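Number of protein chains: 2
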Amino acid sequence: MTNTLLRNCHALVPDARGVPTIARNQDIVVRGNRIVALRPTGQPPEPDLDVLEAHQMLAMPGLINTHAHVPMVLFRGLAEDVPIERWFNDFIWPLESNLTEEAVYWGMQLGLIEMIEGGVTTVADHYFFMDQVARAVEEVGTRAHLGWAVFGSRGLKALEETAAFAERWKGGAGGRITTCMAPHAPYTCDDGFLRASVEHAKRLGIGIHIHAAEEMNQTRASLERRGMTPIQVLDDTGVLSVPVIIAHGCGLLPEDTERLSRYRDHVGIAHAPKTYLKLAMGLTPIPALRRARIPVGLATDGAVSNNTLDVFESLRLMALMQKHDASDPEVLPLSEALDIATRGSAAVLGMGDRLGQLAPGYLADIILVDTSGAHWQPPHNLAAGLLYSARASDVQTVMVDGRVLMRDRRLLTIDKARVLAEVARHMERLAQRVPNARIQTYKP
Amino acid sequence: MTNTLLRNCHALVPDARGVPTIARNQDIVVRGNRIVALRPTGQPPEPDLDVLEAHQMLAMPGLINTHAHVPMVLFRGLAEDVPIERWFNDFIWPLESNLTEEAVYWGMQLGLIEMIEGGVTTVADHYFFMDQVARAVEEVGTRAHLGWAVFGSRGLKALEETAAFAERWKGGAGGRITTCMAPHAPYTCDDGFLRASVEHAKRLGIGIHIHAAEEMNQTRASLERRGMTPIQVLDDTGVLSVPVIIAHGCGLLPEDTERLSRYRDHVGIAHAPKTYLKLAMGLTPIPALRRARIPVGLATDGAVSNNTLDVFESLRLMALMQKHDASDPEVLPLSEALDIATRGSAAVLGMGDRLGQLAPGYLADIILVDTSGAHWQPPHNLAAGLLYSARASDVQTVMVDGRVLMRDRRLLTIDKARVLAEVARHMERLAQRVPNARIQTYKP
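Chains as they are written, first to last, in my numbering: chain A, 1 to 444; chain B, 1001 to 1444.
Bound conformation, chain A alone (with noise of 0.2 Å):
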C-alpha cells in the first residue's frame, strides 16, 4: 500500500457549519486506504509519502452514483423519444433478454471506465448477473454497493438466489464492495416478495436498493388499486424498517416525505435527473425533502435513459431544475448543490461516516478536477466552476481506497481497448429485439 501527498491543491470541504466551501492550497496526505490529513501546503513531505503535483487542480470526496444499472451501457441509443411504458415494453425488457453473463461483464468494464475517467469512484448498482458486476469492480478497483435485482414473478427462490449473491460479495473486494437486497419495484414485487427481501437483508444485515414511486403515475395507479402510495407500500412490507436506497421518488406525495422522515436516518433518495427529464417523468421534490432532512444523492440511472453515466452532468441538471420548477433562481444555491453532491450521497448509501469528505478518518476517495480549461477562466468562483463549467473531461486523476485508478487521464487498472473491442463485439446481438422475450411487463 503506498502513501500519497496531493500536493497544493485547492480542496472542496465543509466549513465549521458543514457548508462546502473551497480551500485553497492544501497538501492532502493519504495512509493506506485512508485521509490522514489536510493541511496549508508549504510543509516539506515525510519521506515516506509519494507526492503527486495537483497544482491548478481541485480536490472533491470522489462522485458518488447513488442509482445506476450500469451494464445498460450495452444498449446506449436504443430507446430514443419514447414514453415509460414503451420504454420498458417495447425496449429495455426485451433487450435485457439477450443479456449474458459475458456481456454484463464487458458493460460493467465499459461503464467503469465511463465512470473513472468522470470521477465517479462508488456506484450503487442495481443489475443482473451481479456476480460479474462484482468481479469487474474487484479487478478495476473502484467502490460499489450492489444489489442484484429481481422481480417478484421470479418467485422467491431467485430471491434467494440474490441473497446468495449478497451474502458472497458483502465486504468483498477488500471491503471496496457492500451489498443489499434489490427487489426491483412495488408495482412488480408483491407485499410477500417485499417482505421476504427484508428478511434477508435482516438476516445478512445489509439494506434494500428498490425503485418506487419513481413518477407520478405509479403513485396514482398504486392508490388506486390498493389506496396505497408505493411509499407506505415500503412501510407496510417492513422496508422502511432496513436502511434503504430508494429511486426515484418523483411521484412522492407531501404525505410520503412525512413519513420517510421518521425512517431518515437510515433511508434515502438517488435523484437522477436527466432520465427524469427524457422520459418526462416530472421531479424528485428535493426541497422538501431537505427540509425533512432525508438524504438526497445524485444518480445516473441506466445509460438508455440518461444516456451516460455523468454525475457532473446529474449535479447541474439537478440545481438547474430545481430552480426552474420553483420558479426561483435562488432555489438549491451552488453550496446545497454541492453538500448533496458529496456528503448527500454518502448518507444516502448510509456511508456518510466514511464517504463524501475530504477529512482526516475519511476513506482515500479523491479526485483531481483540471481548472485551467478555458471553460473555467477566469477562476473567480471555483464553487460555481464545479457546478456549472466543469465538464467529466476535466477529470485529471481518481484515487479509490489510497490507490490511483486514473493518472493525468491514464486509466492504470483497465484495458481500454480491449473493453471496447469486446463490447463491440457483442454490439449487434445485444440490438435484436424480440418483443415477446421480454424479461418483464411494466404495468404499474
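A few of these clues could be false.
Here's a subset of chain B near chain A, in silico, CB distances under 7 Å, partners left out [claimed, not checked]:
1. 1077
2. 1320
3. 1328
4. 1329
5. 1375
6. 1381
7. 1439
Listed next, the stretches of chain B that the computed footprint assigns to chain A, with coverage defined by at least 3 CB atoms under 8 Å from CB atoms of chain A [what the hints assert, rightly or not]:
8. 1268-1280
9. 1347-1358
No wet-lab data here; the hints were simulated from the structure.
None of the values given here were measured: they were computed from a predicted structure.
Virtual Cβ for every residue (Gly too), placed ideally from N, Cα, C.
Using the hints provided, position chain B relative to the given structure of chain A.
Chain B only, in chain A's frame:
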C-alpha cells in the same frame, strides 16, 4: 488557400426530406472556403487535396451560437443564485462599468478559445467595444455576426456610433464578419430609438439583434405600461420589417407567435436554455414556434448566466426541457433537435443558404467530433450520441471558411497561454462592484 479532403467520416446531413441523418463513411471535399463534394469514401483523393483523416469521427456543420455576449466570460461565476433584477442591477451592469477596450479584446479571445474547443464556428455577438470583438474574430479566423449593444438612455448619437461600427465591419475579415444593429431591448429603448435603429439598418442593408420578451414578467409589464407586448412593440416600430434575431422569447404569448409567423422569412428566435433555467425565466415555446415555421436556433447567452459557451449543452437542455415541460417524451425527437442545431440556427442568422449543412456549395465550416470515447460506446446510435452523450471536449478538429483552426484539439490560430495570462491580469479589477456605477438599470 488549401484544399482539403476529410477522409472517411460519418457525416450529419439532411436526407431528401430535410431530416438530419447520419451518412456513414463519407469523404468531404473542400476547395477554398466551400464544400464541393460529399461522397462515399474509397475513391483516391485528387492530388491537390490535403488529406485529413477523420476515421471514427462524426462530421457536422460547425455549431452556431445565435445569441451571446462573449466577452462576459470575464465575469464568469460572479453572479450566482440571484433573481434577474438583482442579476442585472447588483451584478452585471455594475460589473460592466469596469469594461475597457483591452479587457473586451482579451475576453473575446478567451471566449473564442472556449467556442472553438467546443465546436462553435459562428457566433452572433451582442456586446460593447465591438471593434475589439471584430478584431479578435478577424485574427482568430471564426465567423461572427456582430452588433454593438446600446441602450436608449445613451441617445441617438451613441446609436449612430454603433451604426458606424456596423458599417465599418460589414463584410469584414474576408466576409467572415457580418454586422447588425443591436438596440438592447424594448424595455431599455424607447420607440423613437427603435425606429432610428430600423432606419440605420435599412440604410446599411443589415438586420437587428435585440432582446425581447425575455420572460413573461417583461411581457406583463409591457402590457400594463402600454397595452402592447414587446413583440407588438417590435412590429409597431418597424423592427420586424428588417431581418431580426430575437433573444429569448420566454415571454411570448400565442398572439406573438402568430404575429412573428408573418415575418418568418427574416425573423428568428435565439434559444439559450441554460440561462433560462438558472434565472428561472421560463422557456421559449419551441413547439409553437416550429409549428408556425418560425426559425429557432441555439444560443448560450453570456457566461455569467450560462456559465459556459457550450452549444452542445444548449442543444441537450433544449431537447430535455421541452420533453419535461410538455410532460411528453416524444416532443422534440432527435431529428428535430439536430435540425434546430444546424439548419435552424443558420436560418436565425439569415444564413440558411450558406451555413448549417454539409452540402456542396455551402461554406466549409465543419467540425469533427470524436465518437470513440467510452461515453459514446457502443455506437448503436450516433445521432443520439450527438444529442445526449457528446461533450464539447469531444470536438477534435474545427474548420472555418475552409481553414483548420483546431486540429486534434490543438489550437492553430490563437495563443492560449497568452490569452489566459492576459485575462488573469484583468481579473481582479473586473470583479470589483460599485453598484452606483452601473451602466443601466433593470426595470422592465
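> Does the nearest C-beta of chain A fall within a distance shorter than 7 Å of the C-beta of residue 1320/B?
Replying inline: 4 Å, holds
> Residue count check for the segment 1347-1358 of chain B against chain A: does it reach three with CB-CB under 8 Å?
Replying inline: violated (count 0)
>> Is the interface hint satisfied for residue 1381/B? The criterion is a beta-carbon contact with chain A at less than 7 Å.
In response: This hint holds: residue 1381/B lies near chain A, its Cβ roughly 3 Å from the closest one there, short of 7 Å.
>> Quick check on residue 1375/B please, does its C-beta sit within 7 Å of some C-beta on chain A?
In response: 5 Å, holds
> Would the hint on residue 1329/B stand, with a C-beta cut-off of 7 Å toward chain A?
Replying inline: Interface hint status for residue 1329/B: holds (5 Å vs cutoff 7 Å).
> According to a criterion of three or more residues whose C-beta lies within less than 8 Å of a C-beta of chain A, is the segment 1268-1280 of chain B covered?
Replying inline: holds (count 6)
> Per the CB criterion, is residue 1077/B less than 7 Å away from chain A?
Replying inline: Holds - the Cβ of residue 1077/B comes within 7 Å of chain A, reaching about 3 Å at its closest.
>> Is the interface hint satisfied for residue 1439/B? The criterion is a beta-carbon contact with chain A at less than 7 Å.
In response: 19 Å, violated
> Against chain A, with CB atoms and a cut of 7 Å, does the hint on residue 1328/B hold up?
Replying inline: 6 Å, holds
Figure legend: structure checked against the earlier numbered hints; hints not met, in rising order: 7 and 9.
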